[in-house]
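Asker: Protein sequences appear in the order of chains V, X and H.
For the first sequence, this note's numbering gives the first residue as 1, with consecutive numbering after it.
For the second sequence, this note's numbering gives the first residue as 1001, with consecutive numbering after it.
For the third sequence, this note's numbering gives the first residue as 2001, with consecutive numbering after it.
If you are wondering where the hints come from, they were derived from the structure by calculation, not from laboratory data.
Every residue, glycine too, gets a C-beta built ideally from N, C-alpha and C.
You may find that some hints are simply not true.
Unchecked claim - Subject to a maximum C-alpha distance of 27 Å in a straight line, what follows is the list of computed DSS-like cross-link-like pairs (lysine-lysine):
#1 V/46 / H/2520
#2 H/2089 / H/2103
#3 H/2078 / V/81
#4 V/86 / H/2058
#5 H/2103 / H/2123
#6 H/2103 / H/2076
#7 H/2076 / H/2117
Stated by the list, open to error - Label pairs and their calculated CB-CB ranges:
#8 H/2353 / X/1145: 40 to 48 Å
#9 H/2417 / X/1119: 51 to 59 Å
#10 X/1133 / H/2417: 21 to 29 Å
#11 V/170 / X/1021: 29 to 37 Å
#12 V/138 / H/2353: 28 to 36 Å
#13 X/1112 / H/2057: 50 to 58 Å
#14 X/1022 / V/135: 37 to 45 Å
#15 V/170 / H/2429: 48 to 56 Å
#16 H/2481 / V/98: 28 to 36 Å
#17 H/2423 / V/13: 55 to 63 Å
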Amino acid sequence: MSAVQEMFRRDRVFDFMVPKVVNGLDLSHGTVLYMEDVSVAFDGFKAINDLNFYVNAGELRCLIGPNGAGKTTMMDIITGKTRPDKGTCWFGSRMNLLQMHEPEIAQAGIGRKFQKPTVFEYHSVFENLELSMAGPKGVWRTLRARLTALEHERIDEVLELIGLRDVSGRLAGALSHGQKQWLEIGMLLMQNPMLLLVDEPAAGMTHQEMDRTVELLTSLAGEHSVVVVEHDMDFVRALNSRVTVLHQGSVLAEGSMDQVQNDPKVVEVYLGE
Amino acid sequence: MLLMRILKNDRGGQVFLLILLAVMIAVPVLNGLPADNPLHVSTYTVTLLGKYLTYALLAVAVDLVWGYLGILSLGHAAFFALGGYAMGMYLMRQIGERGVYGNPELPDFMVFLNWQELPWFWHGFDQFWFAILMVMVAPGLLAFVFGWLAFRSRVTGVYLSIITQALTYALMLAFFRNEMGFGGNNGLTDFKDILGFSLQADSTRIALFLASALALGIGYLACRALVKSRLGRVAVAIRDTEDRTRFIGYKVEHVKLAIFTFSAVLAGIAGALYVPQVGIINPGEFAPLNSIEVVIWVAMGGRATLYGAVLGAIGVNYAKTWFTGAFPEVWLFALGGLFVLVTLLLPRGVVGLWRRKGDA
Amino acid sequence: MLRVFVTTLLLCLSTTALAAKIETGDPTLDAAFEQLLNRDFAIKAEGVNALAESGNPKAVELLRGVLEGRLRYLKKNKRLVWMEKQDGKYVAIDALNAEEYGKASKRKFKKLAINNKMRGQIKGLLAALELSDPDPAVRLASVNTMLQDSDRSQAELFSRLLKDEQDPAVREAMQGGLALARLSAPDAAQRLRAVADVSDSLQPQVRNGLRRLVDSDPDEAVRTAAASALEKIDGRVAFFGHVETLFFGLSLGSVLVLAAIGLAITFGVMGVINMAHGELIMLGAYTTYLIQQLMPEMIGLSLLLSLPAAFLVSGAVGIAIERGVIRFLYGRPLETLLATFGISLVLQQLVRTLISPQNVPVSNPDFLSGFWQINGVLSLTYNRLYIFVFCLLVFAALFFVLKRTRLGLQVRAVSQNRSMARAMGVRSARVDAMTFGLGSGIAGIAGVALSQLTNVGPNLGQAYIVDSFMVVVFGGVGNLWGTLIGGLGLGIANKVMEPWAGAVLAKILVLVFIILFIQKRPRGLFPQKGRAAEG
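The shape of chain V in the complex, shown without the other chains:
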């Protein structure tokens, strides 16, 4: 169609009038996360190299790979911390993550638990959870916000789930490492995101805690989509989900844990675990 005809189309709005961020996650195509041909380089080092990664709605997926494979960088891209040099990244079929800032991405429904626990050290456990609560976060709203009974209940629920009810008044900075990890998971739960990105949840956990985490993550899948980055292979096996192997910035193999474990490419890269 010629340019003039393009301009007078009646079935579409002008390009510049299309809003950048469309409210409402569109999962009608069944995929919650699309990453296509993503590449990013830092100072000449290609951290992500033509990465293609898809997550289905309601899926639980594990992401493994050797150190430096680009797992954390990939999460940085999804959450908006790093912008890729090329490629596309979509949340649902309508939200272009590359045009959104971190807070917008978080409000849109992507939550992340970081590798190193980064809780708010000078706030109490309760306050940490309260801050992470899902809901509108405009300045004026926040100033006048009062905790409703419903919200209080929800926080109590999560406190119970993460096992920190007894220390809910303690400053987060005073918690042990494992407790901090749980608090981070709690904060993630409070956000109630559609897509959870969980970076090394098992680090520093006891076996019982790991079991509880597996239970938690498995229960979340279905209503939410979960991507778990892990090194601990027992944990990954326990999750019993589809596994993607990342190597040197791109996907090396994908499939069930057994398939991936027996894949010769993976074996070569990992030298057996």
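Since the structure of chain V is provided, determine the placement of chains X and H on it from the hints.
Answerer: Below, chains X and H without anything else, positioned relative to chain V:
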């Protein structure tokens, strides 16, 4: 009631406000006593105390952005000075015909510069309500624009502090120029009265003192309410880990902008109360040293407490008055030494000496 | 020669006829002045000539005195005197031996009257006398003065003298004068030629002459030629104006670079904001002053000695600050900022009490005074030139230290990854101290340079601290090239804006520009890269 709710859990604040109330009652009464009475408080002292109270309000404003938001503003005195200039312009216009040159329209320095008419930005300052509006709008607007530029580009930490210092330095240079129309290096002075009341009269001075105390009290309560609210908690979260706060979904830039602007408005109000009591406003108020001194008051008193800022402001200024009276040359040594001591030995300020460990 | 003989004869005759009227000690002078006292202006004129040709060393002075009316004749003792006014009364001072004769009423001072024609004559003679002075500088000055009153009669004078003149500068000036005079020649063709001759001169009188021709010359060809020559000259003048602005900009920039480069190191390597940096510069300047006080006779040598001295003094103070205060505040940049600010106050007050609260005078040695005149409109002062070169030298030296020496390697390692460097065996505490000492020492050297350019007082540091920070922030922290380019760039920007904005407003604009620039590139022109640089 609201007051109770704001001050719940704020032991320091309760104590502070009670003392403030007591002072507000005692000082005018003691000033009313005959001069030979040992308890008499001279009008000079009343004005001095009023000055300290405006400084305290400025310190509270700085504590709000520094202690709770983590922004070390080395240029807050600029907002103080802008508020002061706005009030000064109103007072200049009130002089009217009583100036040295007797010109009912133009202040003396404009006549001296051979200007024929009032510059556009002086219009409106003959009305008190307009002046009050500008006292809040001028620093607020500057803070908003500056903050919008700075926070949007995610300038933080020392870079931001240096930029704030550059801002106040640039303003100082600008206001020193005679052509700007703000009195040049002599500033604005020779004020006669405010709202019809002579500035020299005892009653006016007491009224200004009371106004300053009131402003401090209300300002304190407003800041305390802010800090206690969820927004205050978000601010502290930003102070500690800005990135993480973003990932939770808060628009960090907006929060910073809102609180920074509010703090600037408070500083402007403090400046506006300062000027009629001191009788002069000049570009030296924009000097970087002034802003850094405010930071020291807050650091000395105790960051992130609000009442610590008040304590620091009054304490350090009292020391300054005493030193510059008794040993003027030593004052700068003392001040410099204070900086070093406070940062090395008293990271939580004087107030930290009796606060429980574990308070935010 | 004949004239002299005749005059002398006449004088002898008149002397025998009348009692000797003037006694100056020199018979030629006596004779000349006798003529000057004569009523007849023709004889007066001859007297003037005789005076000019007398060869007496005081002839020029006396001639000028006659021209200006200050030279009088005191009848009572027959001497030539200067008539000077002292305390409302007139006093006579002997023109030849400077003896004072005390007060006298104005009537007693006989005037040596001259008319306008004589005035012109005397002026011409004076010029001619000066033009024969053995010192080429005097000759050059005389030619330039004469060029200012472009007089046609000078043309002949110049063409006459050109034949014998050897000094090239004087020749050029004379030729310029000749061409200028020919601009007013009656013949249009001559004027045209003259326009062509002067078209590459940058003297202001030439431009005036050409402008006159453009406005009022009857001949069209001459007018067009003059207009195009004028345009060309204006173009060249503008060009040199830009060159001068560039030079000033580089000069200011080099000062900024010197002041900021120490800060770039401490900030870049250690992440330490040193608010006392300005005072370290000040200490360097004061070191120069003190050394000058010690050896007032040898300013040049004292300046050279000040360089290492200032480096050591400021470096030592810097290391003391680091060991005493900053060491305990690592990882807390804002506290460091405050603590060092306190130290800056202490240092300022120390200087005020120990030395003086007023500015102290620091002299420039001879090799720094004066300027290099490149052409009629461009002259570069030596001190600025030297400082620019000095700045580049310091930069090169620092570059060498950081890139080629062991210390430099350790410094870079610590700045990039402290824990790794320590794990490798680098004593990071010592490196910190040395780095701080290096940065402070450079500040001291900057102070030496500044002492030659500006007033030295306790507030010297305050004037440069904000600028230094701006340079570092603009150029990118921890990057030497960034500091160099940033500093020079800001200096040039400042000077470019000055002509139409004024010095203060230019400075303000530069500050605003930086605030806006940080918007786009929050880490400066040449930011530190990599994960370690984040946060």
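Asker: Per the hint of 50 to 58 Å, is the separation of the Cβ atoms of residue 1112 of chain X and residue 2057 of chain H within bounds?
Answerer: Holds, since residue 1112 of chain X and residue 2057 of chain H (Cβ atoms, about 55 Å apart) stay within the stated range.
Asker: When you take the CB atoms of residue 138 of chain V and residue 2353 of chain H, is the distance between them in 28 to 36 Å?
Answerer: Distance hint for residue 138 of chain V, residue 2353 of chain H is violated at roughly 56 Å.
Asker: For the hint 37 to 45 Å, verify it against the beta carbon of residue 1022 of chain X and that of residue 135 of chain V.
Answerer: Given a distance of about 43 Å, which is inside 37 to 45 Å, the answer is holds.
Asker: What's the verdict on residue 2103 of chain H and residue 2076 of chain H, does the C-alpha distance respect the 27 Å limit or exceed it?
Answerer: With a Cα-Cα distance of about 13 Å, the restraint between residue 2103 of chain H and residue 2076 of chain H holds, given a limit of 27 Å.
Asker: Can you let me know if the beta-carbon spacing of residue 2423 of chain H and residue 13 of chain V is within 55 to 63 Å?
Answerer: Because 59 Å falls inside the window, the suggested range holds.
Asker: For the range 21 to 29 Å, tell me whether the beta carbons of residue 1133 of chain X and residue 2417 of chain H fit it or not.
Answerer: violated, 53 Å
Asker: Holds or violated: are the alpha carbons of residue 2103 of chain H and residue 2123 of chain H at most 27 Å from each other?
Answerer: Since the Cα atoms of residue 2103 of chain H and residue 2123 of chain H sit roughly 31 Å apart, the hinted pair is violated (cutoff 27 Å).
Asker: Under the criterion that the straight-line Cα-Cα distance not exceed 27 Å, is the pair residue 2078 of chain H, residue 81 of chain V satisfied?
Answerer: Violated, because 102 Å separates the two Cα atoms, which is more than 27 Å.
Asker: Given a hint of 51 to 59 Å, does the C-beta separation of residue 2417 of chain H and residue 1119 of chain X actually sit inside it?
Answerer: Holds - the Cβ-Cβ distance for residue 2417 of chain H and residue 1119 of chain X, about 56 Å, lies within 51 to 59 Å.
Asker: With a cut-off of 27 Å on the C-alpha distance, tell me whether residue 2076 of chain H and residue 2117 of chain H pass.
Answerer: Roughly 30 Å between the alpha carbons, so the hint for residue 2076 of chain H and residue 2117 of chain H is violated.
Asker: Would the hint linking residue 86 of chain V and residue 2058 of chain H be met if the CA-CA limit is 27 Å?
Answerer: violated, 89 Å
Asker: Taking 27 Å as the top limit, are the C-alpha atoms of residue 46 of chain V and residue 2520 of chain H close enough?
Answerer: Judged against 27 Å, a Cα distance of about 25 Å means the pair holds.
Consistency note: the structure conflicts with the earlier hints numbered 3, 4, 5, 7, 10, 12, 15.
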